[in-house]
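Make a model of the complete structure from these sequences and hints.
Protein chains: 2
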Amino acid sequence: MKLEELGEFGLIEKIRKGLPKSDDFLGIGDDCAVIPCGDKELLVSVDTLVEDVHFLKNTDPYLLGRKSLSVNLSDVAAMAGVPKWAFLSLSLDKDRNISWVDLFLKGFLDVTKEFNVFLLGGDTTSSEVLTVSVTIIGENKKGSSIKRSGAKVGDLVAVTGKIGCSFAGFSALKNGLKGNDKFKLAHLNPYPKIMEALSIKEYVTAMIDVSDGLIQDCSHICEESGVGIRLYWERIPFCYADFVSKEEMLCGGEDYELVVCFDRRFEEKVKELDGFNIIGEVVEGSNVSVLKDGENVELNNCGFKHF
Amino acid sequence: MKLEELGEFGLIEKIRKGLPKSDDFLGIGDDCAVIPCGDKELLVSVDTLVEDVHFLKNTDPYLLGRKSLSVNLSDVAAMAGVPKWAFLSLSLDKDRNISWVDLFLKGFLDVTKEFNVFLLGGDTTSSEVLTVSVTIIGENKKGSSIKRSGAKVGDLVAVTGKIGCSFAGFSALKNGLKGNDKFKLAHLNPYPKIMEALSIKEYVTAMIDVSDGLIQDCSHICEESGVGIRLYWERIPFCYADFVSKEEMLCGGEDYELVVCFDRRFEEKVKELDGFNIIGEVVEGSNVSVLKDGENVELNNCGFKHF
Numbered sequence: 017m018k019l020e021e022l023g024e025f026g027l028i029e030k031i032r033k034g035l036p037k038s039d040d041f042l043g044i045g046d047d048c049a050v051i052p053c054g055d056k057e058l059l060v061s062v063d064t065l066v067e068d069v070h071f072l073k074n075t076d077p078y079l080l081g082r083k084s085l086s087v088n089l090s091d092v093a094a095m096a097g098v099p100k101w102a103f104l105s106l107s108l109d110k111d112r113n114i115s116w117v118d119l120f121l122k123g124f125l126d127v128t129k130e131f132n133v134f135l136l137g138g139d140t141t142s143s144e145v146l147t148v149s150v151t152i153i154g155e156n157k158k159g160s161s162i163k164r165s166g167a168k169v170g171d172l173v174a175v176t177g178k179i180g181c182s183f184a185g186f187s188a189l190k191n192g193l194k195g196n197d198k199f200k201l202a203h204l205n206p207y208p209k210i211m212e213a214l215s216i217k218e219y220v221t222a223m224i225d226v227s228d229g230l231i232q233d234c235s236h237i238c239e240e241s242g243v244g245i246r247l248y249w250e251r252i253p254f255c256y257a258d259f260v261s262k263e264e265m266l267c268g269g270e271d272y273e274l275v276v277c278f279d280r281r282f283e284e285k286v287k288e289l290d291g292f293n294i295i296g297e298v299v300e301g302s303n304v305s306v307l308k309d310g311e312n313v314e315l316n317n318c319g320f321k322h323f
Numbered sequence: 017m018k019l020e021e022l023g024e025f026g027l028i029e030k031i032r033k034g035l036p037k038s039d040d041f042l043g044i045g046d047d048c049a050v051i052p053c054g055d056k057e058l059l060v061s062v063d064t065l066v067e068d069v070h071f072l073k074n075t076d077p078y079l080l081g082r083k084s085l086s087v088n089l090s091d092v093a094a095m096a097g098v099p100k101w102a103f104l105s106l107s108l109d110k111d112r113n114i115s116w117v118d119l120f121l122k123g124f125l126d127v128t129k130e131f132n133v134f135l136l137g138g139d140t141t142s143s144e145v146l147t148v149s150v151t152i153i154g155e156n157k158k159g160s161s162i163k164r165s166g167a168k169v170g171d172l173v174a175v176t177g178k179i180g181c182s183f184a185g186f187s188a189l190k191n192g193l194k195g196n197d198k199f200k201l202a203h204l205n206p207y208p209k210i211m212e213a214l215s216i217k218e219y220v221t222a223m224i225d226v227s228d229g230l231i232q233d234c235s236h237i238c239e240e241s242g243v244g245i246r247l248y249w250e251r252i253p254f255c256y257a258d259f260v261s262k263e264e265m266l267c268g269g270e271d272y273e274l275v276v277c278f279d280r281r282f283e284e285k286v287k288e289l290d291g292f293n294i295i296g297e298v299v300e301g302s303n304v305s306v307l308k309d310g311e312n313v314e315l316n317n318c319g320f321k322h323f
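From first to last, the protein sequence lines are chains A and B. Just so we're aligned, residue 17 is where the first sequence starts under this note's numbering, counting upward by one. Just so we're aligned, residue 17 is where the second sequence starts under this note's numbering, counting upward by one.
Be aware that a few hints might be false.
Copies of the same chain look alike in the list, so a pair counts if it works inside one copy or between any two.
[As the list claims (entries may be wrong)] Below, simulated DSBU-like cross-link-like pairs (lysine-lysine); rule was C-alpha separation at most 35 Å, straight line:
id, residue 1, residue 2
1, Lys73, Lys285
2, Lys73, Lys308
3, Lys194, Lys18
4, Lys18, Lys110
5, Lys190, Lys157
6, Lys122, Lys37
7, Lys217, Lys110
8, Lys217, Lys37
9, Lys308, Lys198
10, Lys190, Lys18
11, Lys157, Lys73
12, Lys285, Lys194
13, Lys100, Lys217
14, Lys122, Lys33
15, Lys30, Lys190
The hints are simulated quantities; they were obtained by calculation from the structure and are not laboratory data.
Given below as structure tokens:
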């Protein structure tokens, strides 16, 4: 059997199954692993970006540098942690211009400064395929990290920002559409929602960032929490882009917004916060459904998968 | 200017220069970064292996899985730490057989079990070039990690194991030599010297693992400690392989042995330990020299560089 047939999540599940579990740490199955560290806990996540898979050739190196770290910080945001230390593994062809590397590093380091993160190490290797792998280590007070597994039936579901702008930007870039810079930037320069996560943390039962697509990422919460999620089409803050469908926006990845589940007692508190829209609720079941005028929306083959 | 002209260490120095420093942590410039963690400190290292750069196509996947983690553990050994948590980023082509992945994972997980390390996460992506990036997190009592920077003039220099077997094995594999399995295994399945490092830790002033080649790695100690190192040819435990020169063995990488500097007061103690050979001493200066019958050995263009 080939990897393509097993699928990305089949592969991850295969790896996960063979691993020992312990109450001392949290391993595969959330945005970050959680490691004990005195009266704190550390959050660790690794994200790898591959040329022609995660980004097009000739992507602006400054923005690529920014994005390489930002998507990683988004994983720490999804656990409501504070990012601290970064490690960068850069695999590059020998013929690459130093000016490219300078711009890439400037982008990466600008994001470290904006979020008070320190680049502490990594690796540099040659490779025919430009590959960037970033490891982030964040911090939280012991026991305070928000997991995917805490959603309860009756919770409400909220999301930050707009859904689908990154997919619209990706489509514009891929198809050579002129203009549409706002969408292109949503794709090329996502902003990790660290502050938003901290602002809502005390109300939250489960959280994830939208990397694979809103529907697929909600389904990860469903799996880990043993619940269903019902979203209301009319409440979803879709991106204002008319050249991709709303169905594509629900399934397209890399929004790097946050999906949060919270006890509905806190509905008014959440409404007072900046930047959150309540879009649905946690229900019994195991799937994500989207209701439009009371009818289920069909979403087939939804979400990004590598294999 | 192209990356090839700047060189790998030029690139690393370029990155390092732009970074803030602090007494709270140790960043680029050693085998691991060091992060505070209550009454402990954490050691973090990232190693990336790229097909056709670090390993030949068709390398046995079980051994590749083992080596991917072992080289990483070797970085923790070089700081005299205890490895704890691993993260695996695997970039693979879609057409790869699951059986390949199974064998790779078995190799990787076998090493986790041998060293009581837990695989806690990572990333899986598609890529045309097989790329494996591993992040290891180890532990030490606060302030007890051994750095490259502590060597003092007058210290003695010792090394574990044999030097050059990995290079001999690599040459045998690359040139299609039959047999020579012992050397091939030295290259394909290096054994991280965690226990050896712990056994000598209390005597050590500076330590590094031999990944770039004995000479080049000794020169890293020289740079970080502001000293010179003089090695005695006759005392170096060269590998018994007659198809590569001893000069090549000194410059070839990936032995994953340890080079340790220690106060010569402890000479007798170190001689009592298993597996260490005293091969030289720390002297004033800034370079590594090798004396053979009292004469300097010429070693040009020595050691592995990516660019």
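Hints, verified against the model:
no., hint, result
1, Lys73 <-> Lys285, "neither (44 Å within a copy, 57 Å between copies)"
2, Lys73 <-> Lys308, "neither (38 Å within a copy, 51 Å between copies)"
3, Lys194 <-> Lys18, "between (39 Å within a copy, 31 Å between copies)"
4, Lys18 <-> Lys110, "both (32 Å within a copy, 7 Å between copies)"
5, Lys190 <-> Lys157, "neither (42 Å within a copy, 51 Å between copies)"
6, Lys122 <-> Lys37, "between (40 Å within a copy, 17 Å between copies)"
7, Lys217 <-> Lys110, "neither (45 Å within a copy, 38 Å between copies)"
8, Lys217 <-> Lys37, "both (26 Å within a copy, 31 Å between copies)"
9, Lys308 <-> Lys198, "within (28 Å within a copy, 67 Å between copies)"
10, Lys190 <-> Lys18, "both (28 Å within a copy, 28 Å between copies)"
11, Lys157 <-> Lys73, "neither (41 Å within a copy, 45 Å between copies)"
12, Lys285 <-> Lys194, "neither (41 Å within a copy, 72 Å between copies)"
13, Lys100 <-> Lys217, "both (18 Å within a copy, 29 Å between copies)"
14, Lys122 <-> Lys33, "between (40 Å within a copy, 13 Å between copies)"
15, Lys30 <-> Lys190, "both (33 Å within a copy, 33 Å between copies)"
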